[in-house]
Amino acid sequence: GDSVTQMEGPVTLSEEAFLTINCTYTATGYPSLFWYVQYPGEGLQLLLKATKADDKGSNKGFEATYRKETTSFHLEKGSVQVSDSAVYFCALSEVNRDDKIIFGKGTRLHILP
Amino acid sequence: NAGVTQTPKFQVLKTGQSMTLQCAQDMNHEYMSWYRQDPGMGLRLIHYSVGAGITDQGEVPNGYNVSRSTTEDFPLRLLSAAPSQTSVYFCASKSRTGLRETQYFGPGTRLLVL
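Quick note, the sequences are listed as chains V and E, same order. Residue numbering for the first sequence follows my numbering, starting at 1 and increasing by one per position. Residue numbering for the second sequence follows my numbering, starting at 1001 and increasing by one per position.
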């Protein structure tokens, strides 16, 4: 079945460092890909998404490109801030009746001042 | 718009007790769903609904019931709580099923079963 694999955390970086969180997926069809973020004590927020191959999703300085050839959707940011400390989830969704979102296990990010 | 709202934010139950987790959305979304979040396992789909009067099972439905009498509300019922149901529960909605649109999540309900 479909699945999402993302790098395990925690990831600890200094402020202004470059961030990459790797994500790869397995899917039978042509899924939409997402990055969700969960700040401490809060729910899930959609960070960015891409719905077809070569699409680039971007938001708040974060970017991810839908790479069908490598089945990847890596999250990047050029200069992280302390406020980016959160748990990041890579996810996919096929266009099916149940519209189930399949999540990775999450990557906890700590940014040090 | 308030978006997706959930109540309560936190609940402690004893084994065998019952309770209902409330979820409501004011976006006129047809599709609603419930997930549970457990450490190291991401989120898993419990039940979903593609419209009022229609519900179906997700990946981990055992021990949970749902109903969808209105478009706005999608309550999740635990009939006899078990410690294995200790988790954080998220409700989500999107405008319609089968479309490449964003699902919006509520703030979550943290449940502890003793």
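Because the hints were derived from the structure by calculation, they are not lab data. Any given hint could turn out to be false.
Ranges between beta-carbon positions, derived for each pair [claimed, not checked]:
no., chain 1, residue 1, chain 2, residue 2, range
1, V, K52, E, V1060, 27 to 37 Å
2, V, Y30, E, G1016, 41 to 51 Å
3, V, S58, E, G1003, 41 to 51 Å
4, E, D1073, V, L13, 37 to 47 Å
5, V, G29, E, D1026, 37 to 47 Å
6, E, I1054, V, L13, 25 to 35 Å
7, E, N1028, V, E42, 36 to 46 Å
Quick list of in silico lysine-lysine cross-link-like pairs, DSBU-like style, CA-CA up to 35 Å [claimed, not checked]:
no., chain 1, residue 1, chain 2, residue 2
8, E, K1014, V, K77
9, V, K105, E, K1014
10, V, K60, E, K1009
Rough simulated footprint, nothing fancy, chain V against chain E, three-plus residues with beta-carbon under 8 Å [stated by the list, open to error]:
no., segment
11, 1011-1020
12, 1032-1042
13, 1048-1060
Bear in mind the structure is a predicted one, so any value in this text is a computation, not a measurement. Glycine included, each C-beta is placed from N, C-alpha and C at the ideal position.
Evaluated hints:
no., hint, in the structure
1, V:K52 <-> E:V1060: 27 to 37 Å, "holds (30 Å)"
2, V:Y30 <-> E:G1016: 41 to 51 Å, "holds (45 Å)"
3, V:S58 <-> E:G1003: 41 to 51 Å, "violated (22 Å)"
4, E:D1073 <-> V:L13: 37 to 47 Å, "holds (42 Å)"
5, V:G29 <-> E:D1026: 37 to 47 Å, "violated (32 Å)"
6, E:I1054 <-> V:L13: 25 to 35 Å, "violated (45 Å)"
7, E:N1028 <-> V:E42: 36 to 46 Å, "violated (25 Å)"
8, E:K1014 <-> V:K77, "violated (44 Å)"
9, V:K105 <-> E:K1014, "holds (28 Å)"
10, V:K60 <-> E:K1009, "holds (28 Å)"
11, 1011-1020, "violated (count 0)"
12, 1032-1042, "holds (count 5)"
13, 1048-1060, "holds (count 5)"
In terms of the numbered hints stated before, the structure departs from hints 3, 5, 6, 7, 8, 11, listed from lowest to highest.
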